[in-house]
Every structure is written in structure tokens, then in C-alpha cells.
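Fit chain Z to the known structure of chain H by using the hints.
Protein chains: 2
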Amino acid sequence: MRNKEMLLVPGPTPVVDEIYDALSSETMGHTDPRFAKIFKNSIELSKQMYNTDGEVFIIAGSGTLAMEMAIINTVAPGEKLLVVSHGYFGDRFIPLAKVFGIQVEALQAEWGQQISKELVEEKLAEGGFKAVTVTHVDTSTGVMANVEDLLPVVKKAGALFILDGVCASAALEEDMQKTYGHPDYKIDVVLTGSQKAIGVPPGLGIVAFGPKALAAREAMPSVMGYYTDIKNWLPVMNEPVKYFATPPVNMIYAFNKGMEMVMAEGLDTRYRRHLALGRAVRAGLKVYGMKPLAAEDVAAPTLSCIIYPEGLNDAEFRSKLASKGVVVAGALAALAGKAFRIGHMGNATEEMFIKALELVGRTLQEMGYEANIDAAVDEFKGIYHSA
Amino acid sequence: MRNKEMLLVPGPTPVVDEIYDALSSETMGHTDPRFAKIFKNSIELSKQMYNTDGEVFIIAGSGTLAMEMAIINTVAPGEKLLVVSHGYFGDRFIPLAKVFGIQVEALQAEWGQQISKELVEEKLAEGGFKAVTVTHVDTSTGVMANVEDLLPVVKKAGALFILDGVCASAALEEDMQKTYGHPDYKIDVVLTGSQKAIGVPPGLGIVAFGPKALAAREAMPSVMGYYTDIKNWLPVMNEPVKYFATPPVNMIYAFNKGMEMVMAEGLDTRYRRHLALGRAVRAGLKVYGMKPLAAEDVAAPTLSCIIYPEGLNDAEFRSKLASKGVVVAGALAALAGKAFRIGHMGNATEEMFIKALELVGRTLQEMGYEANIDAAVDEFKGIYHSA
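Respectively, the protein sequence lines represent chains H and Z. Count along the first sequence from 1, then add 76; that gives the number in this note's numbering. Count along the second sequence from 1, then add 76; that gives the number in this note's numbering.
Do not take every clue at face value.
Remember, identical chains collapse to one label, so a pair may be satisfied in a single copy or spanning two.
[To be verified] Mimicking DSS-like on lysine-lysine, the simulated pairs with C-alpha atoms at most 30 Å apart in a straight line are:
#, residue 1, residue 2
1, LYS318, LYS396
2, LYS80, LYS193
3, LYS156, LYS457
4, LYS414, LYS400
5, LYS400, LYS116
6, LYS254, LYS123
7, LYS80, LYS113
8, LYS156, LYS123
9, LYS288, LYS174
10, LYS156, LYS174
11, LYS400, LYS288
12, LYS414, LYS362
13, LYS307, LYS288
14, LYS113, LYS396
15, LYS457, LYS400
16, LYS156, LYS80
17, LYS400, LYS362
18, LYS318, LYS116
19, LYS156, LYS193
20, LYS307, LYS206
21, LYS414, LYS80
22, LYS174, LYS206
23, LYS400, LYS113
24, LYS362, LYS396
25, LYS156, LYS288
26, LYS307, LYS193
27, LYS116, LYS80
Note that these hints are calculated values from the structure, not bench results.
Extracted from the complex, chain H is given alone in its bound form (with noise of 0.2 Å):
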């Protein structure tokens, strides 16, 4: 490992060295068929991931510029958009979508708390929604939202089921094909970043369309984007070696080998991994006296939101665990200075977050807190073990 620090904010994660080399390997001009290969393989890995019968789109670019892609394809300007948000990524699609004249409703969750499927159905008796938000994973809280529940109200109401999966593909279940309790009622469109649990440099934004989702691009005459309108990109994504827009070389090369790993490992071991990862990594920073902000009920497996015991200097704290090598993020909003970040997802091992739970603790100890180090690496052990 390459590496002389652990990334371990809720993304960028770690980049292994695999992936470094893929990235810096020789540029080849973007329509060269070998080029072209490595980045239609990328696309079919992508496909196979979210096992959609549609289409998968990958442009330089961002989560948001992703979040951008999946409303403007789905939604027209004046049509109705239900944003159920669990922190501060979910409330983003709320600016975003007001930006085109689409009419945004939202269902904003307390942080910690997860929406329930009462209130959503209550809002879609309303009538009218041409599709809904939910973000799989919220970075701001650590909230996972509740898939199994919420789909089949969003689809009974005939709405449009839009995924932001950007702390959550390629770490949990997002299969497009998958029906929830109703042969029509499916994800309709997914959407990542490549610096999330794929373990890839920032760069890239991933939008995965299902059949309903690209009719309702097909029945607009136009959407409000040009680089983001998906008719632009689907001759390239389906034929590389065609040219749209310059795609960014190098990051596909990176994310290729992402793709790879993350196929190499599979799905349902990566996504167990994960599950265990992240109630591990909560059971032994609880031996310090820290809470996560979301019950583990609601908790992800990607990220968590820590509140930090009482009276503990956030800044004195990062600072010097980051001087130890592990860097972790602040929080967001009302809990900046009360809790910290930390992302445990994609290629990040077993054995950095042993080394991380130590270097806590010994931060801890030296900000004159108690700190059991050992107990602690034992419960994360013990619990990544047997999850």
C-alpha cells in the first residue's frame, strides 16, 4: 500500500495502489479502440452492479453533477418532485430541482432519523408526483434509508423511484431488476460518485437508468441540460469509440479497475463486508464513550456519525489523530464541533480500522480521556467476526 495516511472520510476513501497505476497509465486518445474497450468494460461492470436491463451512464464529473443527470432526464420543468431527505445530500435535490422549475415537495427527516413510509405514502396521496429522491445512504448522518419500504409506496403512487446511491453503490444491494412486491415495482434510476465505496479517485459521476426511467427521458422533447442530457451521451456508452464529449481518460482507466475489484470480491461479499465494517466500527468507538448519531438499526454500513463524549474539542481531536496518520471529517451543520466522521467503505481493510480504533484511543488518552484500547479493538473484532 502506497498510502501513507488513512483517508477514512466518508469519501474520497483509501485508493489502492491497483487503482493508482491504472490511473496514471499511458493517456490514449479517447476514441482509440483499446481505449474504448477498457471503457465499455467499465460500463458492463456497472451494469452487472446494479444488474440493470437499461443503461449506465459515466461522465467526468461529481455526485451532484449525477444527482443533476437523474432529475433533468426524469423530471420537466412545472412536473412535481418528492425529495425524502435524511440529512443534508438529501435536502440538496431541493435547490437543485427548484433550479428547473420542477415543483419540489421534501420530507426532511430529523438527522438521525429515518423517514417512514407512512408520511411518504401520506404525501403521494396528494397526487401527482412524476418521481421521488431518496438518498440510499445520507454522508451527512449515517442514515440508510429503508429501500424495502419505501419502493413500493413511491411505485403504488406511479411514481418514478430515483436512488442517490453515492454512499452506498457497490456496498449495498441497489439491484434495478429486483421487484418489491410487485413484478412493476423496481428502482428506476441509481446514482454514484467513483470516490465512494467504489474506491476510486473523485472525478466521476455513475447514472444507472431502468426502462421506465429512460421512456421518461425518451417522452421529452428536450431536458434542460446539454452535457448532462443522457440522448447526448447513449450512442458513446453504447459504442465507445464514438465521440460526444471528451471522456476523462485516465479516471476510467481508474475506475475500470475499481469495477474489477469490486466484481472480484462479488457483490454479496462486498456488500456483508460492509454490513459487518460498519457495526463493528460503531461497537468500538461505543467502548469510548462515543454515540453514534443513528440507531444501528438505521445505521449505514458506509459511514457513521459519531457524537463525540461530552466536552471533547472536535478540532484538538481530528488534529491530532490526522498527526497520526487517520484522517476523519468533521460534521455537518448543527453537529459541527458535537461529532465526527468516518467512512468505512470500499477498499478500506480490516486491518486499518484495528490500527485507526487504536490511534482513537490513544488521542483520546492523550486529550485526558479514559480510553480501553484493547477492549475496544476486541469488540470490533469480535463483531466483524461473527457479522
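Frame of chain H; chain Z shown alone:
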């Protein structure tokens, strides 16, 4: 040089080892102050390159996304835009702007020719144009626009001057504080991609807004884009520890290195080098009976579209040349099969073109054409060193 081939397409251009190394440096968090410093430096260097007293925006995307960002932040739906086009990429502004309900009119040159300032003046006399796009160098034709001629005409008409620098920035002067015959006559917007004369892999769009273009954005309550709204990015570009959407960390490392190399060479030196390179490459190829599409007085320093000798098979020529390690691009639209495009920009060197001229000559010989390699190389060297 780690590269095994000479990538002489009109972008992406040859990536040097220092840039590959920067690209694959350890991924840091996007709000890490150490990354923010690198990001900030790359923004400052870009501002120096464009000599702007406005703002520069560097985002994950492509030249096309940068074009979209330039348009939506300056021209509102319903307003009038004039497109001055010297080829395929100039034309691209037409559908791009139409998507947003902008009233587009276009002056399209015959391929290989320039649009005269008289034509532009006449068109602008119709009145009401909010902005004019001029493609500094059109990647399809290798025709360079005459900014000295066109800018005063555009500014006199009260329109914003939007310069598409995709195949020009870092190779041709684009000085946003330079005045063109009147203290108020300046370039308002310049945009480019990372993979052209800056010599970095594709994956970034770069847009510089001068004060009048920034004021145009301020005058609009909202714009038809979220990721592309410069107001969302402005706080980040001024202070890169701030967050809007995750920047492409490793691509920014590479871009920063690319810009350091641009500024270390010095803009004037770099501009003169490109001018000499363009002339010398075309002169060398002429020895082989090949004919540049654009007359020398309108031909670009960065790429050339070269018409084959009568009867020469395009696919065979490019494939034979590629097997010798020199990759050039096909021509577009009506010229497909009849011409090829060769990039001579970024960090491509004199030595590369001497070698490339030899290999083009050998390829021609193998295909039964006469080719005086020594004469072509001598012609190249003579022009390159006297220019």
C-alpha cells in the same frame, strides 16, 4: 518519458512523467487544507495565464461542459446569442444554447476559411445580441479565429465576447485585461479543457469569467444549471477548503503540475514555441505532398487538418502509422477519409515531431508514395528554428 507511443491527436496530448506522478499521488480529502493549497495554486496559475481580474472555475467535466458553463451563466433563456463558427466545435454552441431556450444565430465559415469581421459586424447590426461565441481554434479544421479583428466589433455592439479556448489556452495569447482598441474592449469569458495545450489528461473544464461576465451572472436571479452555476462554485474557488461538490482531487494534482510547467516555460516562450511548431509541422508535411486545409495565415499553432495526397487510404495510413507508434486523428464530417488531424501542442516536443515526420514518410513509402524524409525533416527544423 514513460509513454510508449506519440499521441499526436488534437487532444488529449502527450502526458509527461511529472504529470502522471502528480496524478497518482496519494488521494487526500477534498477539504484537507493541504489539498486546498494545491487547488488554490492551480486556480491562481490559471488566473495568471488568462491575466484575469475576474474569477476562474475549475471543475470535473470536459470542454463541452465548460462551454455550457460559459453560456448559461451569461445568456438567459430568450436572449440572443451569435455563434461565430469555424467548424464542428464552433457549431456545437448552436444546439447547446438552443436547449436552454436561447435565440441562437450563427455565422458558419466554409471549412478552412475564417469568418470576416464585416460579416460579424453586419449580423450584430441587427441588434439585441447578449453575447458572441468565438472558437479561438476549431479542433475540426485547425482554423484560428482573428481575435484582434473580431473583438472590437463584438464589444462595439455591446455583446459579451466568449472565447472558446479549448485548442488554444496555454498556446495562444488569451489576455483578459488586454484592451482591443478601447479601454472597455476585453475578452469576457475564456474556457478550455485540461487535455489540450495544458498537457494534462482529460477530465476537467476550466472557465474564466471577467468582471462583465460575472456581472451578467449576478443580474440573473438563477440559471439553468446547478453543478454549472458559477455562483455555487465561487466560494470554493476563492477558498478551496469550502465545499460545494467534490472536486476531482487527483486530476487537480495533475492540472496543478501542468499549469506549473506552463508558467515555468513562460507564456511568451510557450506561445512562440507553438507558433513555430505549427508552421514547421505543416511545412514538413507539405514536402510529402500533403496539404493543410487552412491557409497559413489562418492556420492554428496547435493542430492542423491535413488533406491527403489524391487516393491515399485514410484508414490504412493511420493504422500503419499507429503501428509505428504515432497516433493521429481522422478528420470530421465531409473531410472524413480525405484528411487527418495532427495535434502539435502542450508538452509535445521538437524531437517527437522529427520522429513523427520520419515515420509518416516511411508509412507513405510503404504505401507506394514518394516521400523525401530528409527534406521534410530539414524543412521542419529550418522553420522551427527560424520562426
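Against the structure, the hints come out as follows:
1. In this assembly of identical chains, LYS318 and LYS396 lie within 30 Å of each other by CA distance solely across copies; the values are 21 Å between and 50 Å within a copy.
2. For the homomeric pair LYS80 and LYS193, neither the shortest alpha-carbon distance inside one copy (44 Å) nor that between copies (57 Å) is at most 30 Å.
3. Proximity of LYS156 and LYS457 under a CA criterion of 30 Å is satisfied in neither setting, with 47 Å inside one chain copy and 65 Å between copies.
4. Only within a single protomer do LYS414 and LYS400 lie at most 30 Å apart by alpha-carbon distance; the minimum there is 21 Å, versus 61 Å between protomers.
5. In this assembly of identical chains, the alpha carbons of LYS400 and LYS116 lie at most 30 Å apart only when taken from different copies (26 Å versus 41 Å within one copy).
6. Taking the closest pair of Cα atoms, LYS254 and LYS123 come within 30 Å of each other only inside a single copy of the chain (14 Å); across copies the shortest separation is 50 Å, beyond that limit.
7. In the homo-oligomer, the alpha carbons of LYS80 and LYS113 lie at most 30 Å apart only across protomers (19 Å), although the nearest pairing inside one protomer, at 33 Å, exceeds that limit.
8. Proximity of LYS156 and LYS123 under a CA criterion of 30 Å is satisfied intra-copy only: 29 Å inside one chain copy versus 41 Å between copies.
9. For the homomeric pair LYS288 and LYS174, the shortest alpha-carbon distances inside one copy (23 Å) and between copies (26 Å) are both at most 30 Å.
10. Within a single copy, LYS156 and LYS174 get their C-alpha atoms as close as 10 Å, and across copies as close as 24 Å, so both meet the 30 Å cut-off.
11. In this assembly of identical chains, LYS400 and LYS288 lie within 30 Å of each other by CA distance neither inside one copy nor across copies; the values are 50 Å within and 48 Å between.
12. In this assembly of identical chains, the alpha carbons of LYS414 and LYS362 lie at most 30 Å apart only when taken from the same copy (15 Å versus 70 Å across copies).
13. In this assembly of identical chains, LYS307 and LYS288 lie within 30 Å of each other by CA distance solely inside one copy; the values are 15 Å within and 34 Å between copies.
14. Proximity of LYS113 to LYS396 under the C-alpha cut-off of 30 Å is restricted to the inter-copy arrangement: shortest distance 20 Å between copies versus 46 Å within a copy.
15. With identical chains, the CA atoms of LYS457 and LYS400 are at most 30 Å apart within one copy only, with a shortest distance of 22 Å there and 56 Å across copies.
16. Taking the closest pair of Cα atoms, LYS156 and LYS80 never come within 30 Å of each other, the shortest separation being 48 Å inside a single copy and 53 Å across copies.
17. Taking identical chains as interchangeable, the C-alpha atoms of LYS400 and LYS362 lie at most 30 Å apart only when both belong to the same chain, with a minimum of 21 Å there against 62 Å between chains.
18. Taking identical chains as interchangeable, the C-alpha atoms of LYS318 and LYS116 lie at most 30 Å apart only when both belong to the same chain, with a minimum of 11 Å there against 35 Å between chains.
19. Taking the shortest Cα distances, LYS156 and LYS193 sit within 30 Å of each other inside one copy (19 Å), while across copies they are farther apart (47 Å).
20. Taking the closest pair of Cα atoms, LYS307 and LYS206 come within 30 Å of each other both inside a single copy (20 Å) and across two copies (28 Å).
21. Proximity of LYS414 and LYS80 under a CA criterion of 30 Å is satisfied intra-copy only: 28 Å inside one chain copy versus 52 Å between copies.
22. In this assembly of identical chains, LYS174 and LYS206 lie within 30 Å of each other by CA distance both inside one copy and across copies; the values are 14 Å within and 25 Å between.
23. For the homomeric pair LYS400 and LYS113, the shortest alpha-carbon distance between copies (21 Å) is at most 30 Å, but the shortest distance inside one copy (42 Å) is not.
24. In this homomeric assembly, LYS362 and LYS396 come within 30 Å of each other (Cα to Cα) only inside a single copy, at 20 Å, whereas the closest approach across copies is 65 Å.
25. In this assembly of identical chains, the alpha carbons of LYS156 and LYS288 lie at most 30 Å apart only when taken from the same copy (17 Å versus 36 Å across copies).
26. Neither within a single protomer nor between protomers do LYS307 and LYS193 lie at most 30 Å apart by alpha-carbon distance, with minima of 33 Å and 36 Å respectively.
27. Taking the shortest alpha-carbon separations for LYS116 and LYS80, only the inter-copy value of 23 Å comes in at or below 30 Å, while the best intra-copy value is 33 Å.
Taken one by one, the earlier hints fail for this structure at numbers 2, 3, 11, 16, 26, listed in ascending order.
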